[in-house]
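2 protein chains.
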Amino acid sequence: MRDALVAAAFRLFLERGFERTTVDDIVALAGVGRRSFFRYFPSKEDVVFPDHERCLADMTAFLAAAPSESDPVRRVCDAARLVMLMYAENPAFSVQRYRLTRQVPGLRQYELSVVWRYEQALAGYLRVRFAGLPDGILRADVIAAAVVAAHNNALRSWLRSDGKGDAEAAVDHALGHVRESFGAGPEPAVARGPEDVVVIVSRRGAPLWRVVQELESALGRA
Amino acid sequence: MRDALVAAAFRLFLERGFERTTVDDIVALAGVGRRSFFRYFPSKEDVVFPDHERCLADMTAFLAAAPSESDPVRRVCDAARLVMLMYAENPAFSVQRYRLTRQVPGLRQYELSVVWRYEQALAGYLRVRFAGLPDGILRADVIAAAVVAAHNNALRSWLRSDGKGDAEAAVDHALGHVRESFGAGPEPAVARGPEDVVVIVSRRGAPLWRVVQELESALGRA
Chain A
0 MRDALVAAAF RLFLERGFER TTVDDIVALA GVGRRSFFRY FPSKEDVVFP DHERCLADMT
60 AFLAAAPSES DPVRRVCDAA RLVMLMYAEN PAFSVQRYRL TRQVPGLRQY ELSVVWRYEQ
120 ALAGYLRVRF AGLPDGILRA DVIAAAVVAA HNNALRSWLR SDGKGDAEAA VDHALGHVRE
180 SFGAGPEPAV ARGPEDVVVI VSRRGAPLWR VVQELESALG RA
Chain B
0 MRDALVAAAF RLFLERGFER TTVDDIVALA GVGRRSFFRY FPSKEDVVFP DHERCLADMT
60 AFLAAAPSES DPVRRVCDAA RLVMLMYAEN PAFSVQRYRL TRQVPGLRQY ELSVVWRYEQ
120 ALAGYLRVRF AGLPDGILRA DVIAAAVVAA HNNALRSWLR SDGKGDAEAA VDHALGHVRE
180 SFGAGPEPAV ARGPEDVVVI VSRRGAPLWR VVQELESALG RA
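Protein sequences appear in the order of chains A and B. The first sequence lines up with residues 0 to 221 when you count with numbering that gives the first Met the number 0. The second sequence lines up with residues 0 to 221 when you count with numbering that gives the first Met the number 0.
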């Protein structure tokens, strides 16, 4: 019944627009009563994002299950991947919703508050892992924001490509950038000689980001 | 008249709560008509954040006026400082508003959308500055999010201390952390010869953050 409500809602949103569709219209098309609608969705906005609550719960459980020796930055990157996986499960629906959300200010607001909840989940986990470190809370908040921004950058690119590209590769690339900025580095490389040495020569006055770029490319991580 | 409306609104919000105060109540207390209210504020939410539009305009102008040789990460950090300065202009008002915003979900929503607009302003500037760089848009989005998160971390700490600490020192410290993660480092040192060369030797397998740490310390930016 939940899926039928979502399908009916989206059909109407696309036909007549989000604002001009009422909950009564949706339940009439789905052939159920108003109370059934509200059993699944607190509001008309919620039916547009039917899977975020489940995904938030999955993310929270995934973070809570992290072994204490796991790298915390890698763990939040992996947690963020769960969101992309949810979008990639159903590319056509995700792309439709993306277009709808661009058009309706109330939905963009809703989306901002969902994104904020994901960010809080990641930051909460990192705050615990960084407890006792200098600036632990600051680091946690900054890394969580960076992870969410990188994830959303990849997600938006994929949605704008009509869900045609490789969503997972895009999000891995974006999150790899965050991992490198904050010290978790790429996935451990295989068969790399421990004594292999890299020499970088740089002007002292060069901006650090440029030097890091040279460094990344020298280390084969660009 | 604008200030009188803000003062009347806050007196009522604190006395009877945000939800139970109407625009009619506010204009009655301020002794003006409804049309005057809506000339200054599109909605009741806007009167809670009377200075964000001006601050967004100041930030946009500040970024647009950046010399092309300025360090882009430092520039967005300085732009974010404008927001903290606005809050620090009137600590008592800022603290009052912070408490009000914690209690009213509609105001938290409003705040999220304001924060999002600041982040978009910073990201927009960085996207232009990073145009043509590999992953320029990704870098821009991630750095803008990190700057906003660091700023807000400092701002919230200051608000929770009832506006008693040194707001500017707190935000400088938080933004310094972002600058170090993303390569702008602290303020430029003086008397640095342009031909001065730094050589870094590193194991290829070393985590990038460790190499960057060595680099920062060699460049005198740690």
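Since the hints were derived computationally from the structure, they do not count as laboratory data. Some hints could be false.
In silico negatives: residues of chain A with every beta carbon more than 10 Å from chain B [unchecked claim]:
hint, residue
1, R1
2, V31
3, W115
4, I136
5, R138
6, H176
Here are the in silico distance ranges between beta carbons for each label pair [said to hold, decoys possible]:
hint, chain 1, residue 1, chain 2, residue 2, range
7, A, F92, B, S112, 18 to 28 Å
8, B, P41, A, S112, 17 to 27 Å
9, B, G105, A, G123, 15 to 25 Å
10, B, D23, A, D2, 38 to 48 Å
11, A, S156, B, L111, 44 to 54 Å
12, A, N89, B, A130, 50 to 60 Å
13, A, M85, B, G105, 37 to 47 Å
14, A, A56, B, S112, 40 to 50 Å
15, A, R34, B, Y39, 20 to 30 Å
16, A, E88, B, S112, 27 to 37 Å
These numbers were taken from a predicted model, which means no experiment stands behind them. Ideal placement from N, C-alpha and C gives every residue a C-beta, glycine not left out.
Hint numbers not upheld by this structure, sorted from lowest to highest:
3, 4, 5, 6, 11, 12, 13, 14, 15
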